[in-house]
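**Q** Heads up: the sequence lines are chains A and E, in that order. Everything in the first sequence is counted per the working numbering, starting at 36 for the first residue and increasing by one. Everything in the second sequence is counted per the working numbering, starting at 36 for the first residue and increasing by one.
Hints are not guaranteed to be accurate.
Any copy, or any two copies together, can satisfy a pair, since identical chains are not distinguished.
List of simulated lysine to any residue pairs, SDA-like, C-alpha gap at most 20 Å [what the hints assert, rightly or not]:
id, residue 1, residue 2
1, Lys99, Ala87
2, Lys38, Pro195
3, Lys182, Leu210
4, Lys127, Glu164
5, Lys119, Asp238
6, Lys127, Lys278
7, Lys242, Val221
8, Lys66, Asp90
9, Lys250, Gly86
10, Lys199, Leu57
11, Lys199, Thr56
12, Lys89, Lys99
13, Lys292, Met138
14, Lys127, Asp238
15, Lys119, Ala236
16, Lys250, Gln76
17, Lys66, Lys242
18, Lys140, Leu96
19, Lys99, Arg157
20, Lys38, Met187
21, Lys242, His113
22, Lys127, Thr186
23, Lys38, Ala243
24, Lys250, Tyr285
Simulated from the structure, these hints should not be mistaken for lab results.
Each chain, written out:
Protein chains: 2
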Amino acid sequence: MKKSPTAEIISVGNELLIGHTLDTNSHWIAKRLTKFGWTLQRITVLRDSLGAIKDGVAGALGRKPDLLITLGGLGPTHDDMTLKGVALALNKRLVLNSEAFAMVKARYSALEASTGLTRFRRKMATLPEGAEPLPNPVGTAPGVTVKIGTTMIVSLPGVPSEMKAIFTASVISMLRASKREAPEEVSIGLVGIIESALAPALDRTRKAFPGLYFKSHPRGREGGIRSLIQLHVYSVDPDSRVKLDDAIAYLLRELSKTA
Amino acid sequence: MKKSPTAEIISVGNELLIGHTLDTNSHWIAKRLTKFGWTLQRITVLRDSLGAIKDGVAGALGRKPDLLITLGGLGPTHDDMTLKGVALALNKRLVLNSEAFAMVKARYSALEASTGLTRFRRKMATLPEGAEPLPNPVGTAPGVTVKIGTTMIVSLPGVPSEMKAIFTASVISMLRASKREAPEEVSIGLVGIIESALAPALDRTRKAFPGLYFKSHPRGREGGIRSLIQLHVYSVDPDSRVKLDDAIAYLLRELSKTA
Numbered sequence: 036m037k038k039s040p041t042a043e044i045i046s047v048g049n050e051l052l053i054g055h056t057l058d059t060n061s062h063w064i065a066k067r068l069t070k071f072g073w074t075l076q077r078i079t080v081l082r083d084s085l086g087a088i089k090d091g092v093a094g095a096l097g098r099k100p101d102l103l104i105t106l107g108g109l110g111p112t113h114d115d116m117t118l119k120g121v122a123l124a125l126n127k128r129l130v131l132n133s134e135a136f137a138m139v140k141a142r143y144s145a146l147e148a149s150t151g152l153t154r155f156r157r158k159m160a161t162l163p164e165g166a167e168p169l170p171n172p173v174g175t176a177p178g179v180t181v182k183i184g185t186t187m188i189v190s191l192p193g194v195p196s197e198m199k200a201i202f203t204a205s206v207i208s209m210l211r212a213s214k215r216e217a218p219e220e221v222s223i224g225l226v227g228i229i230e231s232a233l234a235p236a237l238d239r240t241r242k243a244f245p246g247l248y249f250k251s252h253p254r255g256r257e258g259g260i261r262s263l264i265q266l267h268v269y270s271v272d273p274d275s276r277v278k279l280d281d282a283i284a285y286l287l288r289e290l291s292k293t294a
Numbered sequence: 036m037k038k039s040p041t042a043e044i045i046s047v048g049n050e051l052l053i054g055h056t057l058d059t060n061s062h063w064i065a066k067r068l069t070k071f072g073w074t075l076q077r078i079t080v081l082r083d084s085l086g087a088i089k090d091g092v093a094g095a096l097g098r099k100p101d102l103l104i105t106l107g108g109l110g111p112t113h114d115d116m117t118l119k120g121v122a123l124a125l126n127k128r129l130v131l132n133s134e135a136f137a138m139v140k141a142r143y144s145a146l147e148a149s150t151g152l153t154r155f156r157r158k159m160a161t162l163p164e165g166a167e168p169l170p171n172p173v174g175t176a177p178g179v180t181v182k183i184g185t186t187m188i189v190s191l192p193g194v195p196s197e198m199k200a201i202f203t204a205s206v207i208s209m210l211r212a213s214k215r216e217a218p219e220e221v222s223i224g225l226v227g228i229i230e231s232a233l234a235p236a237l238d239r240t241r242k243a244f245p246g247l248y249f250k251s252h253p254r255g256r257e258g259g260i261r262s263l264i265q266l267h268v269y270s271v272d273p274d275s276r277v278k279l280d281d282a283i284a285y286l287l288r289e290l291s292k293t294a
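Looking at chain A on its own, in the form it has when it is part of the complex (with noise of 0.2 Å):
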């Protein structure tokens, strides 16, 4: 069987870790990951430090995900630092990239003449030696992508609606270049089991059926007299899907020699 493809996110900023912004764009990624059939390994949320930053990005690159996504941190600010990060991570320089700075540019050309603010436009165009820069269609800062051994790095900004649409335009496209069969899935609700209660019969059904993988989520009040746990079972081998509802028939028969 072909291994699903690895990834991990590094989520940047402050104001995820005060509890200002809750962190909506990783579980945004998720879906999608998921969806393409990558496997999501880790969700890494830092603060606006370089040294966090590229200790948790050196910390990603030792893992060898197939591709590293990070969020945030690409405006002109000086605490938007991701690409310093980065590159320190990779031992590269920092360079203005043309192609960058001519998207930044563009970008500013329906506005007024920009007197004194080259600075900070620059910065947005200066990328990790080598990276490419990836269009913004709907803010100024582009995203940036860089290959290194086999893991393809690609930052993308924070603001979501700009994060979604250069995902979108550029990202999904990778991710379909190593396509492989998502896994299927199957959620069932249990009314009046117990999670404990639930547990034996579960661990039999594993057992039988060892290409499926079963997760449980008590959603009532395990400690009550009803509850409700909403059972998630997907195939982790494309080979095996077809077994997802005898797995479900199986289960319920061994629960309901346990009642």
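With chain A's structure known, arrange chain E on it following the hints.
**A** For chain E alone, kept in the frame of chain A given last:
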């Protein structure tokens, strides 16, 4: 100035990485850590994999936070393996904790007689050696706390109602014990300014008020004619907090110069 105590969160669960569930738990905790003057340095989201949990916990301990909170993976089923991962990272055995076992048993006393389920209930009371249980007022699996060097590890269930109940009942008092004044914050909305035009004025304000932290969040369209920027300013030094209003007045004057 007394250094702000530091924290990390490790959130465990495949459901978070396949895009099935949004990790609102970390956000909820981040707000409270900030409120009590703690600095959340990093959030790491990991799969239900023993190796991933062990590596994630060991990595976090290497950065020596004062507090490491793990979320999820305390339940009775096979894929709940957080405590096993913590024990591996600490090189400690897992042992049945009699206090925890009494807590788990008490939760079931109101229910039907348990037959054949003991193994799964014992699992929820099997903790790393030296750990102590934290009562779970609304569910079955107790929270767990264990001190390693200068780091307090606190493991909480992933079910939000249970996490919040244990956090409120047992963790907030720990945060208070290390309390320092929380940073004062001010947020202002700047309308009609694009982020790269804000950048030079913000740079000058930063230099004039070194004790303050400035973070700008673009909310409107950077490439459009009008734009909204949310500016978040907070004091990281209790002595400088009176300067917050001064700093904003200074910034607005600087902005009007460049406009």
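**Q** Take the hints in turn and mark each one as holding or not.
**A** Status of each hint after checking the structure:
{"no.": "1", "hint": "Lys99 - Ala87", "in the structure": "both (19 Å within a copy, 14 Å between copies)"}
{"no.": "2", "hint": "Lys38 - Pro195", "in the structure": "neither (30 Å within a copy, 33 Å between copies)"}
{"no.": "3", "hint": "Lys182 - Leu210", "in the structure": "within (14 Å within a copy, 43 Å between copies)"}
{"no.": "4", "hint": "Lys127 - Glu164", "in the structure": "within (6 Å within a copy, 45 Å between copies)"}
{"no.": "5", "hint": "Lys119 - Asp238", "in the structure": "between (48 Å within a copy, 18 Å between copies)"}
{"no.": "6", "hint": "Lys127 - Lys278", "in the structure": "neither (49 Å within a copy, 39 Å between copies)"}
{"no.": "7", "hint": "Lys242 - Val221", "in the structure": "within (18 Å within a copy, 56 Å between copies)"}
{"no.": "8", "hint": "Lys66 - Asp90", "in the structure": "neither (26 Å within a copy, 25 Å between copies)"}
{"no.": "9", "hint": "Lys250 - Gly86", "in the structure": "between (36 Å within a copy, 18 Å between copies)"}
{"no.": "10", "hint": "Lys199 - Leu57", "in the structure": "both (16 Å within a copy, 17 Å between copies)"}
{"no.": "11", "hint": "Lys199 - Thr56", "in the structure": "both (17 Å within a copy, 19 Å between copies)"}
{"no.": "12", "hint": "Lys89 - Lys99", "in the structure": "both (16 Å within a copy, 18 Å between copies)"}
{"no.": "13", "hint": "Lys292 - Met138", "in the structure": "neither (65 Å within a copy, 28 Å between copies)"}
{"no.": "14", "hint": "Lys127 - Asp238", "in the structure": "neither (50 Å within a copy, 26 Å between copies)"}
{"no.": "15", "hint": "Lys119 - Ala236", "in the structure": "neither (52 Å within a copy, 22 Å between copies)"}
{"no.": "16", "hint": "Lys250 - Gln76", "in the structure": "within (16 Å within a copy, 30 Å between copies)"}
{"no.": "17", "hint": "Lys66 - Lys242", "in the structure": "neither (28 Å within a copy, 42 Å between copies)"}
{"no.": "18", "hint": "Lys140 - Leu96", "in the structure": "neither (32 Å within a copy, 45 Å between copies)"}
{"no.": "19", "hint": "Lys99 - Arg157", "in the structure": "neither (31 Å within a copy, 37 Å between copies)"}
{"no.": "20", "hint": "Lys38 - Met187", "in the structure": "within (17 Å within a copy, 38 Å between copies)"}
{"no.": "21", "hint": "Lys242 - His113", "in the structure": "between (55 Å within a copy, 11 Å between copies)"}
{"no.": "22", "hint": "Lys127 - Thr186", "in the structure": "within (15 Å within a copy, 35 Å between copies)"}
{"no.": "23", "hint": "Lys38 - Ala243", "in the structure": "neither (23 Å within a copy, 54 Å between copies)"}
{"no.": "24", "hint": "Lys250 - Tyr285", "in the structure": "within (16 Å within a copy, 54 Å between copies)"}
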